[in-house]
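Engineer: Whole structure, please, built from the sequences with the hints as guidance.
There are 4 protein chains.
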Amino acid sequence: MPRPAPWRLDAAAYPYTQVVQTRFGDMDVLGHLNNVAFAALFETARTKFNRHAELWGRDFSGRRAVVAQVEINYLAEGSYPEDVEIATGIGRIGGRSWSILAAMFQGGRAIATCDAVIVMDLDEAGAGLPDHFKHRLAEFRVREA
Amino acid sequence: MPRPAPWRLDAAAYPYTQVVQTRFGDMDVLGHLNNVAFAALFETARTKFNRHAELWGRDFSGRRAVVAQVEINYLAEGSYPEDVEIATGIGRIGGRSWSILAAMFQGGRAIATCDAVIVMDLDEAGAGLPDHFKHRLAEFRVREA
Amino acid sequence: MPRPAPWRLDAAAYPYTQVVQTRFGDMDVLGHLNNVAFAALFETARTKFNRHAELWGRDFSGRRAVVAQVEINYLAEGSYPEDVEIATGIGRIGGRSWSILAAMFQGGRAIATCDAVIVMDLDEAGAGLPDHFKHRLAEFRVREA
Amino acid sequence: MPRPAPWRLDAAAYPYTQVVQTRFGDMDVLGHLNNVAFAALFETARTKFNRHAELWGRDFSGRRAVVAQVEINYLAEGSYPEDVEIATGIGRIGGRSWSILAAMFQGGRAIATCDAVIVMDLDEAGAGLPDHFKHRLAEFRVREA
Numbered sequence: 001m002p003r004p005a006p007w008r009l010d011a012a013a014y015p016y017t018q019v020v021q022t023r024f025g026d027m028d029v030l031g032h033l034n035n036v037a038f039a040a041l042f043e044t045a046r047t048k049f050n051r052h053a054e055l056w057g058r059d060f061s062g063r064r065a066v067v068a069q070v071e072i073n074y075l076a077e078g079s080y081p082e083d084v085e086i087a088t089g090i091g092r093i094g095g096r097s098w099s100i101l102a103a104m105f106q107g108g109r110a111i112a113t114c115d116a117v118i119v120m121d122l123d124e125a126g127a128g129l130p131d132h133f134k135h136r137l138a139e140f141r142v143r144e145a
Numbered sequence: 146m147p148r149p150a151p152w153r154l155d156a157a158a159y160p161y162t163q164v165v166q167t168r169f170g171d172m173d174v175l176g177h178l179n180n181v182a183f184a185a186l187f188e189t190a191r192t193k194f195n196r197h198a199e200l201w202g203r204d205f206s207g208r209r210a211v212v213a214q215v216e217i218n219y220l221a222e223g224s225y226p227e228d229v230e231i232a233t234g235i236g237r238i239g240g241r242s243w244s245i246l247a248a249m250f251q252g253g254r255a256i257a258t259c260d261a262v263i264v265m266d267l268d269e270a271g272a273g274l275p276d277h278f279k280h281r282l283a284e285f286r287v288r289e290a
Numbered sequence: 291m292p293r294p295a296p297w298r299l300d301a302a303a304y305p306y307t308q309v310v311q312t313r314f315g316d317m318d319v320l321g322h323l324n325n326v327a328f329a330a331l332f333e334t335a336r337t338k339f340n341r342h343a344e345l346w347g348r349d350f351s352g353r354r355a356v357v358a359q360v361e362i363n364y365l366a367e368g369s370y371p372e373d374v375e376i377a378t379g380i381g382r383i384g385g386r387s388w389s390i391l392a393a394m395f396q397g398g399r400a401i402a403t404c405d406a407v408i409v410m411d412l413d414e415a416g417a418g419l420p421d422h423f424k425h426r427l428a429e430f431r432v433r434e435a
Numbered sequence: 436m437p438r439p440a441p442w443r444l445d446a447a448a449y450p451y452t453q454v455v456q457t458r459f460g461d462m463d464v465l466g467h468l469n470n471v472a473f474a475a476l477f478e479t480a481r482t483k484f485n486r487h488a489e490l491w492g493r494d495f496s497g498r499r500a501v502v503a504q505v506e507i508n509y510l511a512e513g514s515y516p517e518d519v520e521i522a523t524g525i526g527r528i529g530g531r532s533w534s535i536l537a538a539m540f541q542g543g544r545a546i547a548t549c550d551a552v553i554v555m556d557l558d559e560a561g562a563g564l565p566d567h568f569k570h571r572l573a574e575f576r577v578r579e580a
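Protein chains in written order, with my numbering: chain A, 1 to 145; chain B, 146 to 290; chain C, 291 to 435; chain D, 436 to 580.
Worth double-checking, as some hints may not be accurate.
Label pairs and their calculated CB-CB ranges [as the list claims (entries may be wrong)]:
1) C:K424 / D:D566: 49 to 57 angstroms
2) B:G253 / A:E139: 42 to 50 angstroms
3) C:K424 / A:L122: 44 to 52 angstroms
4) C:E344 / A:D10: 54 to 62 angstroms
5) B:I238 / D:H570: 56 to 64 angstroms
What the hints contain is simulated information worked out from the structure, not anything from laboratory work.
No residue lacks a Cβ here, since even glycine has one placed at the ideal position from N, Cα and C.
Structural biologist: Below is the structure:
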C-alpha cells in the first residue's frame, strides 16, 4: 500500500492553512465523512488557496487551466459536525503544469492527503507557464523534509 | 504529466460496464461535469460493481474494508444531460488490499479513469485476504494489454 | 400536518415520467435517501422535463426564469441502489410564473412530491409570460382529480 | 407568488444564528449558489441548531423524528466563496410535529427562507410529543412580528 511521506502529514510544511466546515450530508451510511466528501472539501480548499495566493491575475485572460489528476490518500475516518483544517501548498512546477498538495486534519490528526495536478493550455505561441507565474507558484511551495 | 496506459481507455478491457446518469448539479460554473462529480459517479459505479460481483458475501461478517486511495485522471470534459458509461474491473490483488480500476466514457470517448485501492482489516489471527476471496476478485480482473 | 392531495400520488396524473438513478452518496447515516438527495433528484427530473417539453426555445433569448420556491413532501423512505421514477407536469400558470409539480416513486410506492414555482423576468415592455409560452405550458398540465 | 412574511427576513427574530461556509461545488452553471445547495446549507444549519438546543437528549431513545416537509423560498442569488449566515428557531408546535424556521443571509441581505416540518413517531401508548419536549422547543421559538 502506498502511503504519503511523513512530512506530508505535518501542517507546518504547507504555507497556507484554513478551516473548512463539514456538512451533515458529508456523512455516509457508517456516520463517517464519505470519500467523495473529502474530494469536495479539498476542492473548496484548493479554490480558496488559489484566491489567497492570487494565482489568477489579469495576465491570464484567455488561457485556461484544468485539473488533470487528483489523488487522495485516506488515512483515518472523519466525522461530523467537527470542522477540518486543510493545509495547502505548491509541489512540483513543470513546463506547463504544477501540483497543489494538501493535507486534511481533524482534531489535530491527519486524516487525508490530496495531490492535484493542474495543466495550463499552451498560449498561441506554444509556450507553457510564463516565468512570472512560475515564480508566483514558487512562493507558495511546500517545505519538504 | 502522468497519463493512463492506452489499454485503460478500452472498455473491452474491463469485465463489467454500466450506464450511470449525470445530474444537473454535477455541472460546474463552465457547464462541464465538475471534478468532484466524477468522483461521485465512479463511487456509485464501484458500489454497483461490488454488488454485481457479489464480493461481499456472508463470509465477511465482522471484517471491514475501507477505501485507502483514489486516483482520478481527467482526460476530457464531460457534459450534462448525457449519461456516462463506466467500465470496471479488478487490478492488483495483494495480501490485504486490492485495486478497482475503472474508465468513464461519454459519447464513446474516454473522459476519465479511476484507480481505487481497498484495504481489508486483518482478522483476529492477523490474516489478510482469504484465498476464496482472492479467487473471487481474480474472476473480475481487467485484461491488460 | 399538510399532506399532498391523493391525485398527486398517481403517476397517471402527470404527462411525463422518467427513471432517475440514485447514488451511493444519496444515503444518509440511516441508510435511507437523504432529504437533500430528494431535492437533487427532483431538480434533475425538472431540467429533463423542461428539455422534453422544449419549453426553452429560441424565443426566450434575453429573458430569464428562476426557481422562486420549492416545497417537498416526504412520504416514505427511499433506498439505494434502486432507481426512482419521477412523474412531472405543469400546475398553475400565472401572469409571470408557473409551477412544476412532480411525484417520486420507488418500487411502485409514492415516496415524495415536489412543487416548484418558476418566475420569469418581465420583458422590456413590462410584460409577463407570452401567450404562446402559456399555451406550451398548458399542453403539459397535470390532470387533477 | 407567495412571499415570506417580512419578519421572516429579520435575523433578530430567530434565537440562534450561525455562519455556514459555501463550497465551490455549490455553484451552478451561472456561477450562483445552486437551489439544491441552499437545501444542503439549511440542512446543516438545522442539525447544528438541534445540537445547540440539545433537543435530542437521552429521553428519546427508541423514538424517531423524520423530516416530513421542507419549503424553501428563494429571494436572491447567493455567491461563492462568501459565507452565509443562517438564523434558526422553532415555529409551530403541534401534537406530534413541530416546524423549524430559518432564514439565510449573505452580505447582510436575506437570500432565502426555509420551513421544515418534523414529525415524531408516536410512542407505544400512542402519545405524541411529551410536555417536557414541547417546553424545550418553546424556549427556542422565533419571535414573530
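Engineer: Now look at each hint and say whether the structure bears it out.
Structural biologist: Cross-check of the supplied hints:
no., hint, result
1, C:K424 / D:D566: 49 to 57 angstroms, "52 angstroms, holds"
2, B:G253 / A:E139: 42 to 50 angstroms, "43 angstroms, holds"
3, C:K424 / A:L122: 44 to 52 angstroms, "50 angstroms, holds"
4, C:E344 / A:D10: 54 to 62 angstroms, "57 angstroms, holds"
5, B:I238 / D:H570: 56 to 64 angstroms, "59 angstroms, holds"
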